[in-house]
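S.K.: Same order as they appear, the protein sequences are chains Z, B and L.
According to my numbering, the first sequence is numbered sequentially starting from 67.
According to my numbering, the second sequence is numbered sequentially starting from 67.
According to my numbering, the third sequence is numbered sequentially starting from 67.
Each statement offered as a hint is correct.
Intra- or inter-copy, both count: the list cannot distinguish identical chains.
Pairs of lysine-lysine residues, derived as PhoX-like cross-links and limited to a Cα-Cα distance of at most 20 Å, are as follows:
1) Lys306 - Lys138
2) Lys306 - Lys247
3) Lys272 - Lys138
4) Lys136 - Lys247
Note that these hints are calculated values from the structure, not bench results.
Letter by letter, the chains look like this.
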Amino acid sequence: MSKSTGCCQGFLHYAFDYETPKTLIIPSIRVGFVFRFTQFLLLLYVVGYVCVVQKAYQDRESVISTVTTKVKGFAFTNISNMQPRFWDVVDYNIPPQGDDSFFVLTNMVMTPGQTQSRCPELPTPSTTCVDDCDCVEGYNDPRGNGIQTGLCENYSSTVKTCEPTSFSLLAEAENFTVLIKNSITYPKFNFHKRNILSHINSTYLKTCEFNRQTHPDCPIFRLKHIVSEAGEDFQDMAVKGGVLGILIDWSCDLDWWARKCYPKYTFRRLDNKHPVNNVALGYNFRFAKYYRTAEGEEVRTLIKAYGIRFDVIVFGTAGKFGIVPTIVNLGAALSFLSLVPMLADWFILTCMKKRDLYSRQKSTYLVEESEAESASLSTTYGTQ
Amino acid sequence: MSKSTGCCQGFLHYAFDYETPKTLIIPSIRVGFVFRFTQFLLLLYVVGYVCVVQKAYQDRESVISTVTTKVKGFAFTNISNMQPRFWDVVDYNIPPQGDDSFFVLTNMVMTPGQTQSRCPELPTPSTTCVDDCDCVEGYNDPRGNGIQTGLCENYSSTVKTCEPTSFSLLAEAENFTVLIKNSITYPKFNFHKRNILSHINSTYLKTCEFNRQTHPDCPIFRLKHIVSEAGEDFQDMAVKGGVLGILIDWSCDLDWWARKCYPKYTFRRLDNKHPVNNVALGYNFRFAKYYRTAEGEEVRTLIKAYGIRFDVIVFGTAGKFGIVPTIVNLGAALSFLSLVPMLADWFILTCMKKRDLYSRQKSTYLVEESEAESASLSTTYGTQ
Amino acid sequence: MSKSTGCCQGFLHYAFDYETPKTLIIPSIRVGFVFRFTQFLLLLYVVGYVCVVQKAYQDRESVISTVTTKVKGFAFTNISNMQPRFWDVVDYNIPPQGDDSFFVLTNMVMTPGQTQSRCPELPTPSTTCVDDCDCVEGYNDPRGNGIQTGLCENYSSTVKTCEPTSFSLLAEAENFTVLIKNSITYPKFNFHKRNILSHINSTYLKTCEFNRQTHPDCPIFRLKHIVSEAGEDFQDMAVKGGVLGILIDWSCDLDWWARKCYPKYTFRRLDNKHPVNNVALGYNFRFAKYYRTAEGEEVRTLIKAYGIRFDVIVFGTAGKFGIVPTIVNLGAALSFLSLVPMLADWFILTCMKKRDLYSRQKSTYLVEESEAESASLSTTYGTQ
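Modelling step: build the complete structure from the supplied sequences, incorporating the hints.
M.R.: Structure (structure tokens):
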């Protein structure tokens, strides 16, 4: 009909004629139940799992964080071949600034009075000279630093090193505490928070100490407690050193629980304690204090420091309602909903007794041109 | 009928017979308009919001970055009880290497001449000995370091500390500048860039200073300017210290604007200035310089350093066309498009005057077997 | 029909009547082939590209990592105007702790004996005094540190600096090695691993050296090798300094290849060697060693250190089967599958010879009320 009218009307027909599929209604409770039940299961999945459990309707963003740490506590050592000595944070905490990785010295090998200009014990400067110097000096003349056993172990094929004793110098370090201040930002969601929560007052902060049960929000941690929560023994770890992770998880749902967005602390040893291959154990580094003698010569005290490096690792993603992920997930769910009729069709055409009846009334075979005349007429009769 | 022929042909029919829904065409402008308009709205959403605004067709990757910083400037102090003294970057910048977190000392409490071996003022070494030593010495004998007021405040229940005066020592620090060099990489997209853009020449770099209006690309920042953009007062912050974030946002669209991928700088104080609970304010740490006396005894000068720690935080995600997100988002939009006919059907069967007419011609009730005989007879005839 | 019965039954009908589209079966191999082939292409895309190549069925998480580094090796310098001197890790590695960014000093300008209290050469303390002091002293009296040429270059309009010679002091640094220990975690997948793989034993670790072909798993790197893999020349880089990235990629498929999750090392210079604008080249910083003279005066040795900063950058995402991304991607693919019938319909109604036949039997025009009675009989006529 549209072809008989003008071009414009033809276009109107083309654009605005609404084409809707013809349907066959099957008034069978059984079929209907299978259909609705499958729809219900899918809806349950979408609402229950995708929305409630996975929160797939949310935009996500990773945390941006800044950490300052402050170690407190001090120790007193009174070992036979060393003068009684106090150790405060300045002596054992390296570097001193207190950023997200701090080192607490627990053991050391000290070699004082080194000069860098010559190495008298070794006639030829070889690649192991400095290390051997240290070690030979340490061996021959412990000179009151008391921690070096004087035993030289083969460290690698070319370098020797001096092993410390099996007890740590600063055993008291386990009672040091560290205050961790952590501010986080989710820039996309304009959300800022710090781990000193608003209900913590100075009185509480003066006395509290982190404990998962009794003080889960206190940002002050006793080193021994951290290490033992990580499943390690502080005194064991103190001898050879190690790396311990303080993991702060800021994963938050900013739609409903923005006010309940709290940091979750976990502790984990980050270097292997007993790796299968038993290599590259512990954690230590060397540093020196440089002095100038009265004669103007530069001498240094070499310190091989063993201790625990604490790495504060802040991670987490925040989620907040976003239109794109919502659309994407709803769309995917809708796609599956559009599968349900296929499933129901398959069910009625395969499993039902009346499947031939359904099949006959649902599907029509194409009628060839010659027969079409009479047939298309009977088709419409059949559907009444 | 395909069943009457061979198995192979039956399979061919099963696999290649094309089954297409029968449709009813409703030549109503009103229905057609509702249908097309809804389709148009959805398309607008897909093209406009998902593609243009959210760029959901893009793969995303987080930035990998490296930062070096270099502070310049120096100060001159001439305070009553201290010798006139110059301060250059080596004295106030800790640590000196200039990585993504640098500290500028603005105030200090200095306690020279400490020995770690004994604490004469206190007969019994208690847990607060070292701190009290410092404080008592500072109190009794300010010894020309001039910054310590000598007042002892209760810092916590067990530890006392010495408060500095309310004006900062290095007030001139506000005029220091810092050059920030930042190179970034998006490894998945093989995109590299640095914040010293290619149009910046050495002449410009010698004279420029970051200013959001006049010099938005200059990587040299005056500390006072950074602090004031963060909404703080430098002199206020200098007394007790603080942490200031220099946030560099490298979010870029690498499809169209790869050449316009510029860093965006923002500044934010990262520790709370006036937290509700008023605890753990400011930023300070202690460090020591170790000396050896002519007699070979080790002494140290303890410095409690107050200052501003600047954390350069680089973040951002780049997006570039990716086939998977495109497919996912188009697919989701298509799912919604497939909802439009349902909506239109609901509209014509509920809101239109002729709804009964439409309903009768669109849907057919299943005809039971008994009646089916005659009816389905004509139907099946038709399919022959 | 349902309206004649009670309300409850009406609802039952409404809820459980199953409405299935009536279909027309076209037994044409050609149409069927087009239909099935398009379906097959889409399936191929879904299985092949989305699942196998892009692994879009996986949940993703970014790596959390901790790094410790240990530099080994030492150098011997015997330059005319300086005493023969040994350099070990303590002297050239700054900071000493060995975290993910370490600096190896290769060149330096040393200015000993500075006092901060006065600047005799300059009568008026100007903003460039300290720097000028250094430079003038260096110029007039190289005083045996041997590295300073004594030439003063214009560094910026207000500050002068003293350039080092064009050969590096610690040329031997290229043979230093660094052991990188890197532990990673994917917290969501509870996956932990370190870069010292389980098949590496201590014997191997004592002798191995990273080489992409022969020792791809050895975590010990010769500095020269790192720099040359990054496409740079160590001696060139050593003079003015630079920043070199050691990129460790931990991207892993934890579904199938969790045991084959190995780190992949790449090396890249992170500062521009020859930027277009030729500004802000190299890497250096100043630090000082503080001494006290016999008279108790504090003096410092100022060192301008040139060298290579090595930044260990750990990145990567792990993927593991996740129900939500699977559903989303399958859903999107299904949406496209639902497009295939539209495509096939368009094909049969446009490109086929019998398109009018198909069209007549597929679509029926709405018949108006008045005619409807007789007409549902003549529906198909109307479309002819």
